[in-house]
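Q: Sequence:
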Amino acid sequence: RLHSAPDLAQRFGVSTRTLYRDLDLLSAWGCPIESIPGREGGFRILPGYALDRSILDRSELAAAAAALSGVREAVGGRDLDGAAVKIDALLGRPRNRRKSWLRISLAPGRDERRLVELLREAIEENRLVQFGYRDAEGRRTERAVEPAAVVYLWEGWYLWAYCRLRRDWRLFKLARIEGPKTRMERFEPRTEPSEDAWRSVGGGRTDLRIRVAPSALARFEEELGRGFGTPDDRGGRVVDIRLPSGDWLFSFLLGFGDGIEVLEPPEVRMEMAERARKTAGVYE
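Per the working numbering, the sequence shown starts with residue 13, numbered consecutively.
Everything labelled a hint here was simulated from the structure, so no lab data went into it.
It is possible that some hints are incorrect.
EDC-like cross-link-like pairs, simulated, lysine to aspartate or glutamate; straight-line CA separation at most 20 Å [said to hold, decoys possible]:
1. Lys-98 to Asp-36
2. Lys-98 to Glu-46
3. Lys-185 to Asp-123
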């Protein structure tokens with residue numbers, strides 16, 4: 013059966029321009045769409061073609077659609093758009109009427125979104141990226157890196173890349189990157205230390221023993237999960253836990269105020285006390 017572009021656009025709640033783009037994506041992904049020109053023409057799928065619905069059941073497709081929606085919101089891209097069109101077709105409902113029990117939003121800020129797109133193109137084309145980078149203390153260095161992946165980690169966006177200045181793999185927080193630009197120079201992709209090396213770069217992990225006060229217990233469990241540690245005589249819990257090292261660790265723990273006390277290791281306890289004193293000094 014033939015359908016005109018305006019009819020299809022109205023049915024799926026999209027603009028005609030978006031409809032043509034989606035039809036192109038479907039064709040690129042192997043769906044045999046026939047275009048008939050003329051006043052009585054339109055679009056149709058060739059007879060005998062059917063999507064294979066046996067790979068995933070409906071609930072699995074809906075979960076995949078929700079996850080994909082969150083990623084598309086963050087990074088966009090023609091390939092992700094094409095995947096979304098396919099999943100929507102398998103679900104058998106218009107894009108603007110999707111309902112799912114799972115909704116995910118990973119979108120970075122507007123500036124970071126532009127940076128993600130720049131990095132995506134550089135990664136796909138194996139091009140060097142140059143930028144200024146400020147560390148947690150505000151020191152700025154100029155970097156030339158071989159980008160490998162954009163990573164969402166620790167509630168933020170990072171670039172996983174080989175740094176030519178440090179001659180090693182590094183994670184760069186996107187919010188600290190200044191003046192990024194893609195260079196014409198191409199590089200041969202390096203072998204990464206391991207498949208998940210990016211998870212442990214940037215200071216490793218620190219083993220801690222902390223006391224969580226009753227007033228902070230609900231938030232602590234919200235952030236890190238339930239069932240940690242053992243009850244103490246104050247109504248809180250004593251918890252042994254491993255967390256990412258570096259400034260993130262201190263920012264995270266200090267964010268609980270007096271609701272958390274670091275018991276071990278002593279060097280972390282001392283650093284917490286020093287940072288707390290400096291903060292208190294601002295208000296004296």
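Q: Failing hints, ascending?
A: No hint contradicted; all consistent.
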